[in-house]
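Model the full structure from these sequences, guided by the hints.
In this note's numbering, the protein residues as written are 1 to 207.
No lab work stands behind these hints: they were computed from the structure. Beta carbons: idealized from backbone N, C-alpha and C, even for Gly. One or more hints might be untrue.
[Unchecked claim] Here are the in silico distance ranges between beta carbons for each label pair:
#, residue 1, residue 2, range
1, Asn121, Gln160, 12 to 20 Å
2, Lys84, Pro131, 33 to 41 Å
3, Lys78, Phe198, 28 to 36 Å
4, Gly151, Ile87, 19 to 27 Å
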Amino acid sequence: MIKNNWLKRNFKDKYIYYVKKKKLRSRAWFKISEIQKHYKIFKPNMIVVDLGAAPGGWSKYASKKIGKNGYVIAYDIKKINPIKNVICIVENILNVNFINKITNYIGYNSVNIVMSDISPNISGISSIDIPKSINLIKLVIKIIKNILKKGGICIIKIFQGNNYEYYIKYILNMFKKIKIFKPISSHSNSKEVYIIAFKFKFIKKFK
Numbered sequence: 001m002i003k004n005n006w007l008k009r010n011f012k013d014k015y016i017y018y019v020k021k022k023k024l025r026s027r028a029w030f031k032i033s034e035i036q037k038h039y040k041i042f043k044p045n046m047i048v049v050d051l052g053a054a055p056g057g058w059s060k061y062a063s064k065k066i067g068k069n070g071y072v073i074a075y076d077i078k079k080i081n082p083i084k085n086v087i088c089i090v091e092n093i094l095n096v097n098f099i100n101k102i103t104n105y106i107g108y109n110s111v112n113i114v115m116s117d118i119s120p121n122i123s124g125i126s127s128i129d130i131p132k133s134i135n136l137i138k139l140v141i142k143i144i145k146n147i148l149k150k151g152g153i154c155i156i157k158i159f160q161g162n163n164y165e166y167y168i169k170y171i172l173n174m175f176k177k178i179k180i181f182k183p184i185s186s187h188s189n190s191k192e193v194y195i196i197a198f199k200f201k202f203i204k205k206f207k
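Pasting the structure below:
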């Protein structure tokens, strides 16, 4: 029954149709496009880190917006097919040594934008999925503290549920302002929203 519902939903989904028609990497391209139209976050010459980047839709979109003098570093446990102006690195961000690896590669607090569209493996059971999502958010926040430069921007996917308000407030303490955004291209019944946080305050003591 779950599979049949998924098939029915996606059969009627115009975004799935346009992904195929425009030969995009995923429907996530539409989400980042909506974010850019609303908030104009990508600018020429930026350095962008994409966490959980596969199959590469966000990275490809960002690379076009920042131009040839900027670059995107895309991390994922899965191999990403090559993208112009994007450095694709196969790496599990859950690895205990990941922060050491990424800071050794790009340096501390050197990135203009950190973006994360990471989701846990979804079971469909909120009591399982939401804690998994929260654990990922904790990790992404820790990475942001280490690599995002003062005044930088982050985009984080979060699911509405337990601890949702807590992490909104926590991230707000790290940035001057935040916006909560649900793209039209998200499934209407999905609890996913995106935190777009502006002007990182530069935390020197990392926890």
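For each hint, the structure was consulted:
Range check, Asn121 to Gln160: about 19 Å between beta-carbon atoms, so the 12 to 20 Å window is met. Checked against the hint of 33 to 41 Å, the pair Lys84 and Pro131 passes, with Cβ atoms roughly 38 Å apart. For Lys78 paired with Phe198, a C-beta distance near 30 Å keeps the hint of 28 to 36 Å intact. Distance hint check: the CB atoms of Gly151 and Ile87 are about 23 Å apart, consistent with the given range 19 to 27 Å.
Violated hints for the displayed structure: none, as all numbered hints are satisfied.
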